[in-house]
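Student: Going down the list, the protein sequences come from chains A and B.
The number in our numbering is simply the position in the first sequence, starting from 1, with 49 added.
The number in our numbering is simply the position in the second sequence, starting from 1, with 4 added.
Hints in this document: simulated from the structure, not taken from any laboratory.
A few of these clues could be false.
[What the hints assert, rightly or not] DSS-like, lysine-lysine: derived pairs with alpha carbons at most 30 Å apart:
#, chain 1, residue 1, chain 2, residue 2
1, A, 237, B, 86
2, B, 123, A, 421
3, B, 76, A, 508
4, A, 91, A, 134
5, A, 421, A, 508
6, B, 87, A, 531
7, A, 232, B, 123
8, A, 445, B, 79
9, B, 86, B, 123
10, B, 79, A, 418
11, A, 252, B, 87
12, A, 338, A, 399
13, A, 421, A, 441
14, B, 106, A, 445
15, A, 445, B, 123
16, A, 285, A, 208
17, B, 87, A, 445
18, B, 76, A, 237
19, A, 445, B, 86
20, A, 445, A, 399
21, A, 495, B, 34
22, B, 106, A, 232
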Amino acid sequence: MSRLEPLLIDQSVKGRRGVGIPKSPVSQPLGHLIPEKFLRKKKPHLPEVTEFQVVRHFTRLSQLNFSIDTHFYPLGSCTMKYNPKLNEAMAGLPGLKNIHPLAPDVVSQGMLEILYNLEQWLIRVTGFDAFTLQPAAGAHGELTGIFLAQAYHRARGNKKSVVLIPDSAHGTNPASAALAGFKVVQVKSQSDGHIDLSDYRQKLTDEVALIMITLPNTLGIFEGQIETITREAHAKGALVYLDGANFNALAGLVRPGDLGFDICHINLHKTFSTPHGGGGPGAGPVGVKKELEPFLPVPRVLKEKEKFVMRDSKHQFPQSIGQMRSFFGSTGVLLRAYTYMVTLGEDGVKEMSRRAIINANFIRVRLSKIFKVAANEPCMHEAVFSGVPALKNGTKTLDIAKRLLDYGYYAPTVYFPLIVPECLMIEPTETETPETLEAFCTTIEKIAREIETDPEMVKHAPHTTPVQRLDEVQAAREPVLKWPSWNSAFNTFYEEKTQKSQGPQK
Amino acid sequence: MPNPQQCKFAKTHEWIASDGTIGISDHAQKEMTDVVFVDLPKVGLEVKAGDACAVVESVKAAFDIYSPVSGKITKVNQAVSKKPALVNQSPYENGWLFVIEKSNPAEEAVLLSLTDYEKFIEEETNGH
Numbered sequence: 050m051s052r053l054e055p056l057l058i059d060q061s062v063k064g065r066r067g068v069g070i071p072k073s074p075v076s077q078p079l080g081h082l083i084p085e086k087f088l089r090k091k092k093p094h095l096p097e098v099t100e101f102q103v104v105r106h107f108t109r110l111s112q113l114n115f116s117i118d119t120h121f122y123p124l125g126s127c128t129m130k131y132n133p134k135l136n137e138a139m140a141g142l143p144g145l146k147n148i149h150p151l152a153p154d155v156v157s158q159g160m161l162e163i164l165y166n167l168e169q170w171l172i173r174v175t176g177f178d179a180f181t182l183q184p185a186a187g188a189h190g191e192l193t194g195i196f197l198a199q200a201y202h203r204a205r206g207n208k209k210s211v212v213l214i215p216d217s218a219h220g221t222n223p224a225s226a227a228l229a230g231f232k233v234v235q236v237k238s239q240s241d242g243h244i245d246l247s248d249y250r251q252k253l254t255d256e257v258a259l260i261m262i263t264l265p266n267t268l269g270i271f272e273g274q275i276e277t278i279t280r281e282a283h284a285k286g287a288l289v290y291l292d293g294a295n296f297n298a299l300a301g302l303v304r305p306g307d308l309g310f311d312i313c314h315i316n317l318h319k320t321f322s323t324p325h326g327g328g329g330p331g332a333g334p335v336g337v338k339k340e341l342e343p344f345l346p347v348p349r350v351l352k353e354k355e356k357f358v359m360r361d362s363k364h365q366f367p368q369s370i371g372q373m374r375s376f377f378g379s380t381g382v383l384l385r386a387y388t389y390m391v392t393l394g395e396d397g398v399k400e401m402s403r404r405a406i407i408n409a410n411f412i413r414v415r416l417s418k419i420f421k422v423a424a425n426e427p428c429m430h431e432a433v434f435s436g437v438p439a440l441k442n443g444t445k446t447l448d449i450a451k452r453l454l455d456y457g458y459y460a461p462t463v464y465f466p467l468i469v470p471e472c473l474m475i476e477p478t479e480t481e482t483p484e485t486l487e488a489f490c491t492t493i494e495k496i497a498r499e500i501e502t503d504p505e506m507v508k509h510a511p512h513t514t515p516v517q518r519l520d521e522v523q524a525a526r527e528p529v530l531k532w533p534s535w536n537s538a539f540n541t542f543y544e545e546k547t548q549k550s551q552g553p554q555k
Numbered sequence: 005m006p007n008p009q010q011c012k013f014a015k016t017h018e019w020i021a022s023d024g025t026i027g028i029s030d031h032a033q034k035e036m037t038d039v040v041f042v043d044l045p046k047v048g049l050e051v052k053a054g055d056a057c058a059v060v061e062s063v064k065a066a067f068d069i070y071s072p073v074s075g076k077i078t079k080v081n082q083a084v085s086k087k088p089a090l091v092n093q094s095p096y097e098n099g100w101l102f103v104i105e106k107s108n109p110a111e112e113a114v115l116l117s118l119t120d121y122e123k124f125i126e127e128e129t130n131g132h
């Protein structure tokens, strides 16, 4: 039996109702109240189903999903940690949830105080001097950071047009730099995963405005030479940016501000347990050193005589790069992150990172018998492998990832970073218990045995999911962009639309 | 049809034939897996050796294609834009990407012969 859930429109039966809509109390013809041209000529084509059909439909859909609340989700580079339910309760408090973003400061003191305190927390944990909470996600934070660097150089009359990015950085870095109008130059990494210092020095010219570094890098290793890199950049008048997406390995242990970074973004939805995935609202606050503070986006929250105020005046912040997002960013997300930090406290944050590192190293050591570890040294928050030693009988890393779905695990990141052949990137986060990690590694060992005994079965995995192996190649080469509905009502709707659009032109 | 034996190879996995035809190696197409999209340069574009001037995208990732030599693009293979699978099926023949009018033939000195390129791949694979 297919476990696919039909669309609601395909379950529709004419005349079936979920709720009875009361008769309109308006006695006048609608045309008197709304201009005729805005009135629809036909009833909308909505699914006609009962209430329980709707409830079952969405409950089933939710059960078809993988989520951190239901499954181990070892997606490398994404820090899919558990989001404590307390965060939801706090963000849902009516006094915070129902506040209007344009309400005067005097009635928003609670919210403003929390935002102010969150900035202070981030300042303490990162070692920067000031923060903006506006950016809506990591890549948006990168763009904000690059604009800040641009404004900094402009204010000094520096003509610098190049951004240096190591090949072990996040893929969004070059995109953000290019969007801001910079020329991107790639710095090579050595075979051990560290930045190739001689290549870096050769490319570090006077043209370089900014160096963007992901730390720990995408191989999950700490760049031991980082202070040399930042020192040499500063000597050339360049700034150094930290992509803090991997901050889950550093929080409470190392402060990027102490390592010579000038700007950084922190992904609250990764490190500080706000919901993540599905493209929902994120938050990528950006921290800067003192020299860059005048350029931060407005509005900013300030503390004036024990009161909290929001300020965006041009006189007060003449050098600001302006507003990066409407109002004050994703405040619902900011509240969750603040709750998490307050719950953990400073020692808790430190323990969080320590455990994330221990869990990743457990995976690294445990799976080193099956795969080849990408960097031969202790890892930070994630373990990166080449799947090559396990791949026999024509199998690929992709097959292992698909087979994991059959065992109830979300697949780890595969084929990233590109510098590792047949790559697997596993980030367990501090969330998982040793029992889960052990069970996961045992499953990988089992799959490695299956590759020997029944490779065809592995190549065709998954077998237990609602849909089996999809033809990614055909989907990319010949995409079908129309839902092939078997419901006649839907088809009729489609035909009507097509006929209409092909009808005589006025 | 260029014979791979007579082509020169870049360490970034492009080949160039004596007439300036450029494509990607058999090894590169295998590593990329199924190619689903090819973005070609404009005819007339002047490029320097090492410039990224085309993109080959597979189900795995998008890869920049670097010109092994400097010169002007004189012809591009429209067939691969319509049928990207040609890059996989026939990397040295129907899957060629573009033709360049070399401006500095001396640059070819740093490129590898097929034998040296194969040796380089082996070293690179073992290095990781």
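Student: It remains to establish, for every hint, whether it holds in the given structure.
Tutor: Taking the hints in turn, this is what the structure says about them:
1. A/237 with B/86: violated, 34 Å
2. B/123 with A/421: Distance of about 22 Å is within 30 Å: holds.
3. B/76 with A/508: violated, 44 Å
4. A/91 with A/134: The given pair, whose Cα atoms are some 45 Å apart, is violated under the 30 Å limit.
5. A/421 with A/508: holds, 21 Å
6. B/87 with A/531: holds, 22 Å
7. A/232 with B/123: At roughly 34 Å apart (the allowed maximum being 30 Å), residue 123 of chain B and residue 232 of chain A break the hint.
8. A/445 with B/79: violated, 36 Å
9. B/86 with B/123: violated, 34 Å
10. B/79 with A/418: Cα-Cα ~50 Å, so violated.
11. A/252 with B/87: violated, 38 Å
12. A/338 with A/399: Distance of about 23 Å is within 30 Å: holds.
13. A/421 with A/441: Holds, at about 14 Å.
14. B/106 with A/445: Violated, at roughly 39 Å.
15. A/445 with B/123: holds, 23 Å
16. A/285 with A/208: holds, 13 Å
17. B/87 with A/445: holds, 24 Å
18. B/76 with A/237: Holds, at about 28 Å.
19. A/445 with B/86: Given that 30 Å is the threshold and the Cα spacing comes to 27 Å, the pair holds.
20. A/445 with A/399: With a Cα-Cα distance of about 38 Å, the restraint between residue 445 of chain A and residue 399 of chain A is violated, given a limit of 30 Å.
21. A/495 with B/34: Roughly 27 Å between the alpha carbons, so the hint for residue 495 of chain A and residue 34 of chain B holds.
22. B/106 with A/232: holds, 25 Å
When the structure is compared with the earlier hints, violations turn up for hints 1, 3, 4, 7, 8, 9, 10, 11, 14, 20 and for no others.
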